Amino acid sequence: MTGQPPDDLVRAVEATLFAAAEPMSAEAVSTHLGGADVRAALTALAAHFDGRGVQLVERGGRWHFQTAPDLAHLLRREKEDVRRLSRAATEVLAIVAYHEPVSRAEIESIRGVQTAKGTLDVLLEAGWVRIAGRREVPGRPVIYATTAEFLSHFGLESRRDLPGIDELRAAGLLDPVEDALASAMETAADGAAPPDEDSAD
Amino acid sequence: MTGQPPDDLVRAVEATLFAAAEPMSAEAVSTHLGGADVRAALTALAAHFDGRGVQLVERGGRWHFQTAPDLAHLLRREKEDVRRLSRAATEVLAIVAYHEPVSRAEIESIRGVQTAKGTLDVLLEAGWVRIAGRREVPGRPVIYATTAEFLSHFGLESRRDLPGIDELRAAGLLDPVEDALASAMETAADGAAPPDEDSAD
Amino acid sequence: MSELIDGPAITLDDDWQGVGMAAPHDAALYLELDGWEGPLDLLLDLARRQKVDLRTISILELVDQYLTYIERAAALRLELAADYLVMAAWLAYLKSALLLPREEQPDPSPEELALRLHLRLQRLAAMRDAAARLMGRDRLGRDVFPRGAPEGLRVDRKHSWQCDMFGLIQAYGQVKARTAPVVHMVRDRMVMTLESALTRVSSLLGVNLDWMELRDFLPPHADPRLKRSALASSFVAALELARLGKAELRQEETFGPLMLKGITA
Chain S
5 MTGQPPDDLV
15 RAVEATLFAA
25 AEPMSAEAVS
35 THLGGADVRA
45 ALTALAAHFD
55 GRGVQLVERG
65 GRWHFQTAPD
75 LAHLLRREKE
85 DVRRLSRAAT
95 EVLAIVAYHE
105 PVSRAEIESI
115 RGVQTAKGTL
125 DVLLEAGWVR
135 IAGRREVPGR
145 PVIYATTAEF
155 LSHFGLESRR
165 DLPGIDELRA
175 AGLLDPVEDA
185 LASAMETAAD
195 GAAPPDEDSA
205 D
Chain X
5 MTGQPPDDLV
15 RAVEATLFAA
25 AEPMSAEAVS
35 THLGGADVRA
45 ALTALAAHFD
55 GRGVQLVERG
65 GRWHFQTAPD
75 LAHLLRREKE
85 DVRRLSRAAT
95 EVLAIVAYHE
105 PVSRAEIESI
115 RGVQTAKGTL
125 DVLLEAGWVR
135 IAGRREVPGR
145 PVIYATTAEF
155 LSHFGLESRR
165 DLPGIDELRA
175 AGLLDPVEDA
185 LASAMETAAD
195 GAAPPDEDSA
205 D
Chain L
44 MSELIDGPAI
54 TLDDDWQGVG
64 MAAPHDAALY
74 LELDGWEGPL
84 DLLLDLARRQ
94 KVDLRTISIL
104 ELVDQYLTYI
114 ERAAALRLEL
124 AADYLVMAAW
134 LAYLKSALLL
144 PREEQPDPSP
154 EELALRLHLR
164 LQRLAAMRDA
174 AARLMGRDRL
184 GRDVFPRGAP
194 EGLRVDRKHS
204 WQCDMFGLIQ
214 AYGQVKARTA
224 PVVHMVRDRM
234 VMTLESALTR
244 VSSLLGVNLD
254 WMELRDFLPP
264 HADPRLKRSA
274 LASSFVAALE
284 LARLGKAELR
294 QEETFGPLML
304 KGITA
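Protein chains in written order, with the numbering used here: chain S, 5 to 205; chain X, 5 to 205; chain L, 44 to 308.
Mixed in with the good hints there might be a few duds.
[Claimed, not checked] Okay, derived cross-link-like pairs now, BS3-like style, lysine-lysine, Cα gap no bigger than 27 Å in a straight line:
hint, chain 1, residue 1, chain 2, residue 2
1, L, K270, L, K289
2, L, K138, L, K94
3, L, K270, X, K83
4, L, K304, X, K121
5, L, K201, L, K219
6, L, K304, L, K270
7, X, K83, X, K121
8, L, K219, X, K121
[Said to hold, decoys possible] Estimated spans, in silico, between C-beta atoms of each pair:
hint, chain 1, residue 1, chain 2, residue 2, range
9, L, A175, S, A120, 45 to 55 Å
10, L, G195, S, E182, 43 to 53 Å
11, X, E84, L, R176, 28 to 38 Å
12, S, E182, L, S139, 21 to 31 Å
13, L, Q205, X, R138, 28 to 38 Å
14, X, G131, S, L128, 27 to 37 Å
15, S, A25, X, S29, 20 to 30 Å
16, L, S203, S, G143, 42 to 52 Å
17, L, V198, S, E129, 20 to 30 Å
18, L, D231, X, E140, 50 to 60 Å
19, S, T47, L, A125, 15 to 25 Å
20, X, E84, S, G143, 16 to 26 Å
21, L, D172, S, R88, 36 to 46 Å
22, L, G195, X, D54, 34 to 44 Å
No wet-lab data here; the hints were simulated from the structure. These figures come from a predicted structure and were not determined experimentally. Note that the Cβ used here is the ideal one computed from N, Cα and C, for glycine as well.
Same shape as in the complex, but just chain S (with noise of 0.2 Å):
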């Protein structure tokens, strides 16, 4: 953060950003200035806002202003304009951002029960989940994928923030419970050492 008058490209961009009403991609922004490279400028502006109460953030390759995080309690309204997701379609959520893509068989297999209809409406109407093809297995299943206003939402500037995704990975929870259980019993019969993921970590 520096005292100095920004350059006319920062200006454009940042005047760009704030009048966005959606978050918009380096290239979007680019294209709508004619084309000028805006990278450097992006930097500098999120570098600039970096401790204000207003801060420029990337997420998932999109950008856009918002209000700093700690400023929460001040800024919450009595009427949250957040939709309130129920328990099961809080978890299919997470599933598909976790496990994407899934089709809803995968999905009910890791939540043992059936997915009701409307739960995957809720998720794919709010924009945060997306049919992203069909699996090319008999039946082609629909499968399904998180949206870049997902990553907006939640906070995440791609998959691979998503919280502890890197544990979950190596700890293989996110394989299907067939591999983990293949590796498991083979685990097993090479030793005598207790086949359970403990003596894998």
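For chain S, the structure is supplied; the task is to place chains X and L on it using the hints.
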């Protein structure tokens, strides 16, 4: 404007005004922030944003952020789509150029097919054709002529520079070749159906 | 495997009624049962109540707790969804299999079945934790806010039309070519008219006094298409001349050569 990190009150005022859906009076901001005296913070903020792409302004006693006035043009941007003139429009343009001033009925009688209104609109929009008045005959039809822009776009000093019929014939452009026939069929079709340049819009 | 199943046993109170309930009352049990999303959910909750790391949970303990729960609900004649009962039956089977001496254990081994259940519980638990952490993040519109009144960006599209000189004059040339007056020419077919056949046949009859075949009246070296026409016209001419009494016709057999001879008056 300083490089110092802003104090908590300035940050809170900044975030509050940023997130507000409407301009807020100093009193309203103060009330929102538990009765703090926000005058100094507002002044400090306005000073901080002075010269940036976004400004904090007071209008009628109420404060709000807005894009810097000199960058207002960024909020509305014109995007040029380069598109090829359709065959029908090219023919109409040529007829206007060779026969100006002409009425729509005359254009149709020369082309041998009906000319959709949209075709002339495209040429008017392109700035190559203008309305040159009305012909003093029953019905007083509008007559069309080319513009100076037309001449400069096609690199013509004047309409007299357009190649004559004999030259066209010498260049083989009047030969009833397969190509000409095919395009004639095409044009006949667009006379009856919605014009192609309309449907592309 | 043995550690997984027999692993650190968690001592439970005999009168365990479910953690987190003020009164160990059976009515409360019903209410809780209502709150679970299926047997796996209930199992996970029970497993968590063992208050140990899920990785070291005792499956046998868990089976007992589940069966106890279901028995109590049954004793109270609470309506249980079928899948809870299916799970109970399966767990009862698993328990009995696990208690068998190792050599008598069926295939797939109960250890494998237990491990599978264990893995499923771990995965569900992982996702449940992940969901909670996700929901606890600074969420846009709840903890952090976008600009309240963005001006919005507008893009006005303007067409820039393109056409070159060649395209222009070519188009004009084609209009002119297309609308130029067109003369329709019918190609000459090679025919011999009846009149010319009559003239030709009667003049030839006048010269020859002997019988002649009709084909000899045709013009020699003629185009095959003209020959066909000439044959037809000459035949009609011959019939006409016979009708007028100017010629005689003779044919020895069907499709045989048609002979022709002039009658001199």
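Cross-check of the supplied hints:
1. Of the supplied pair hints, the one linking L:K270 and L:K289 holds, its CA atoms being roughly 24 Å apart against a limit of 27 Å.
2. With a C-alpha separation of about 21 Å, the suggested pairing of L:K138 with L:K94 holds against the 27 Å cut-off.
3. Between the alpha carbons of L:K270 and X:K83 the distance comes to roughly 74 Å, so the proposed pair goes past 27 Å and is violated.
4. Annotation: proposed proximity of L:K304 to X:K121 is violated, straight-line Cα distance about 77 Å (limit 27 Å).
5. Note on L:K201 and L:K219: the hinted pairing is violated, with a Cα-Cα distance of about 32 Å set against a maximum of 27 Å.
6. Taking the CA atoms of L:K304 and L:K270, the gap is near 21 Å; set against the 27 Å cutoff, the hint holds.
7. A distance of roughly 25 Å separates the Cα atoms of X:K83 and X:K121; the hinted pair therefore holds under the 27 Å criterion.
8. Pair hint L:K219 plus X:K121 holds up; C-alpha atoms about 22 Å apart against a cutoff of 27 Å.
9. For L:A175 and S:A120, the Cβ-Cβ distance of about 21 Å falls outside the hinted range of 45 to 55 Å, so the restraint is violated.
10. Judged by the Cβ atoms, the range 43 to 53 Å given for L:G195 and S:E182 holds: they are separated by roughly 50 Å.
11. At about 48 Å, the beta-carbon gap between X:E84 and L:R176 misses the expected band of 28 to 38 Å.
12. One distance hint, 21 to 31 Å for the beta-carbon pair S:E182 and L:S139, holds here, with the actual separation near 25 Å.
13. Judged by the Cβ atoms, the range 28 to 38 Å given for L:Q205 and X:R138 holds: they are separated by roughly 31 Å.
14. One distance hint, 27 to 37 Å for the beta-carbon pair X:G131 and S:L128, is violated here, with the actual separation near 46 Å.
15. The supplied range of 20 to 30 Å is met by S:A25 and X:S29, whose beta-carbon atoms lie about 25 Å from each other.
16. Checking the proposed 42 to 52 Å range against L:S203 and S:G143 shows it holds: the Cβ atoms sit about 49 Å from each other.
17. Our hint of 20 to 30 Å for L:V198 and S:E129 holds, since their Cβ atoms are close to 27 Å apart.
18. Range check, L:D231 to X:E140: about 52 Å between beta-carbon atoms, so the 50 to 60 Å window is met.
19. As the Cβ distance of S:T47 to L:A125 is approximately 59 Å, the hint placing it in 15 to 25 Å is violated.
20. Separated by about 47 Å at the C-beta atoms, X:E84 and S:G143 break the suggested range of 16 to 26 Å.
21. For the pair L:D172 and S:R88, the supplied restraint of 36 to 46 Å is violated, since their beta-carbon distance comes to about 20 Å.
22. Taking 34 to 44 Å as the suggested C-beta distance range, the pair L:G195 and X:D54 does not conform, at roughly 24 Å.
Hints 3, 4, 5, 9, 11, 14, 19, 20, 21, 22, counting from the list given before, are not met by this structure.
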